[in-house]
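Visitor: Protein chains in written order, with full-length UniProt numbering: chain D, 1 to 242; chain S, 1 to 197.
If you're looking for bench data, these hints aren't it; they were derived computationally from the structure.
No false leads were slipped in.
Some but not every residue of chain S turned toward chain D, in silico, with C-beta under 8 angstroms: (1) T5; (2) V31; (3) G183.
Here are the computed distance ranges between Cβ atoms for each label pair: (4) P121(S) x Y52(D): 30 to 38 angstroms; (5) W29(S) x R17(D): 29 to 37 angstroms; (6) A90(D) x W29(S): 34 to 42 angstroms; (7) E193(S) x V10(D): 13 to 21 angstroms; (8) E194(S) x H203(D): 43 to 51 angstroms; (9) R18(S) x G241(D): 24 to 32 angstroms; (10) P18(D) x W29(S): 29 to 37 angstroms.
Ideal Cβ placement from N, Cα and C applies to all residues, glycine included.
Here is how the chains run, residue by residue.
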Amino acid sequence: MRHRRPAWHVATVVETRPETPNAVRLVLDVPTWPGSEAGTHLDVRLTAPDGYQATRSYSVATSEPGRVVLGIDELPDGEVSPFLVREVLAGDELEIHGPLGSYFVWRPGQSGRPVQLIAGGSGVVPLYAMAAAHAAASDPSPFRLLYSVRTPAYVYFRDELAALAGPSFAVDHVYTRQAPPGWDEPAGRLTRDSLASTTFAPHERPRIFVCGSTGFVETVVAWLLELGHAAHDILTERFGGL
Amino acid sequence: MSLTTRGFSGRRREPDDRLPPGQTLVQRWPVLSAGPTPNVHTDTWDFVIRDEGGTEHHWSWDQLLALGVEDITVDIHCVTHWSKLDMSWRGVSLDKLFENVETEDAYVMARSYGGYTTNLPLEDLLDGQAWIAIEAEGEPLDPEHGGPARLLVPHLYFWKSAKWIRGLTMMPTNDSGFWEQYGYHLYGDPWKEERYS
Ligand SMILES: Cc1cc2nc3c(=O)[nH]c(=O)nc-3n(C[C@H](O)[C@H](O)[C@H](O)COP(=O)(O)OP(=O)(O)OC[C@H]3O[C@@H](n4cnc5c(N)ncnc54)[C@H](O)[C@@H]3O)c2cc1C
Numbered sequence: 001m002r003h004r005r006p007a008w009h010v011a012t013v014v015e016t017r018p019e020t021p022n023a024v025r026l027v028l029d030v031p032t033w034p035g036s037e038a039g040t041h042l043d044v045r046l047t048a049p050d051g052y053q054a055t056r057s058y059s060v061a062t063s064e065p066g067r068v069v070l071g072i073d074e075l076p077d078g079e080v081s082p083f084l085v086r087e088v089l090a091g092d093e094l095e096i097h098g099p100l101g102s103y104f105v106w107r108p109g110q111s112g113r114p115v116q117l118i119a120g121g122s123g124v125v126p127l128y129a130m131a132a133a134h135a136a137a138s139d140p141s142p143f144r145l146l147y148s149v150r151t152p153a154y155v156y157f158r159d160e161l162a163a164l165a166g167p168s169f170a171v172d173h174v175y176t177r178q179a180p181p182g183w184d185e186p187a188g189r190l191t192r193d194s195l196a197s198t199t200f201a202p203h204e205r206p207r208i209f210v211c212g213s214t215g216f217v218e219t220v221v222a223w224l225l226e227l228g229h230a231a232h233d234i235l236t237e238r239f240g241g242l
Numbered sequence: 001m002s003l004t005t006r007g008f009s010g011r012r013r014e015p016d017d018r019l020p021p022g023q024t025l026v027q028r029w030p031v032l033s034a035g036p037t038p039n040v041h042t043d044t045w046d047f048v049i050r051d052e053g054g055t056e057h058h059w060s061w062d063q064l065l066a067l068g069v070e071d072i073t074v075d076i077h078c079v080t081h082w083s084k085l086d087m088s089w090r091g092v093s094l095d096k097l098f099e100n101v102e103t104e105d106a107y108v109m110a111r112s113y114g115g116y117t118t119n120l121p122l123e124d125l126l127d128g129q130a131w132i133a134i135e136a137e138g139e140p141l142d143p144e145h146g147g148p149a150r151l152l153v154p155h156l157y158f159w160k161s162a163k164w165i166r167g168l169t170m171m172p173t174n175d176s177g178f179w180e181q182y183g184y185h186l187y188g189d190p191w192k193e194e195r196y197s
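Taking the hints into account, I'd like the entire structure generated from these sequences.
Guide: Next up, the structure:
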């Protein structure tokens, strides 16, 4: 295991821009950041003038040293995410700690087995990092992403994902509230059948990364096991919530 | 190092001296696991303590309960920065399970259904500090939260309270478990913020 020791870093916000109707993309300049394996996360720590601190975890969309991209969904009654989405401006400094969570990573050249990524909402952030690392390394393992979002407007990294799609990376979308015009499936929640028809089959022995809210991960993983995938081939990251 | 964040005031809160540094109080109960939630049934459940001589002490579900289930009220601190105070639990004290175990080893590897492991000093599991928990907040433990049974070691970060516990193996040295190999601290004292190694 290549273990990059986590450390504290001061990050300067270079850019904040809307990613979806309720999410931003934060681009951070972090001169001391060592780079991170695809799939890891970091802790963001906010400090109030009276010394009060709040810390939350966010996945890293990028792998290279010196720069970090985050995608942050606003939870309306949350303490930290509304601040990061609405208040933070270019030029602000944030404290971050990482990289963390090296159990949920994809490394190039590990095996020729197919890799199935399954994301719900902002859960795509670490999986996007994996897809980007896969392309950057020209790794030959076939990749597939199944991405569940409310409506087309809620897709994170839309242009980047479209640019990555090709012979060794396929993206399938599930729209839970509203599908794009001309879409052949009605909008609706992911089902076990649609999961089976848009992911690598168990006999192809994919390694599977699932990320999203806790409820999404629990539901999808239970179906994957019912479909015949092996528990030890499934890695999960649960973002919280129900 | 501690940089004030421009514009951040945080939620209005009462200072609480039961909250270790870097923790936020929650009412909900978040879930952190690295893989699928295993499906473990109490009719086939088997708990084993294995000592350095290879002797195995086994308990079935009913044998565990027969040791005596206690009410426990404790504060829980997760490494992902949330704490839940005054949680009510029910479980069996590890003092009861260790009553007839003879061992010279000072460390324990906790093993779970699903393959996870975490390491602890034996002395942290004894003297009323640790339990095999089977209920939380008046309900049988959900599989998501480690049911049917998880270790409960409330004075350490919550990853040490191994979910889906199936046994303890004595060890002479403090070898790293699953989470510890991935960078979590070898001991995990929340009051010293021993999160990462
Ligand atoms: C390893 C890891 C990586 C993460 N990566 C990302 C990421 O890349 N992007 C991102 O946007 N978030 C990510 N999260 C979630 C993030 O850490 C925070 O939990 C989230 O931003 C909410 O924080 P908050 O302070 O706004 O809400 P809080 O004040 O903590 O909670 C407010 C309310 O929202 C509920 N809640 C908390 N989390 C969720 C959730 N995920 N879904 C629905 N309800 C929830 C709580 O139950 C509570 O009622 C990640 C979490 C983990 C553990």
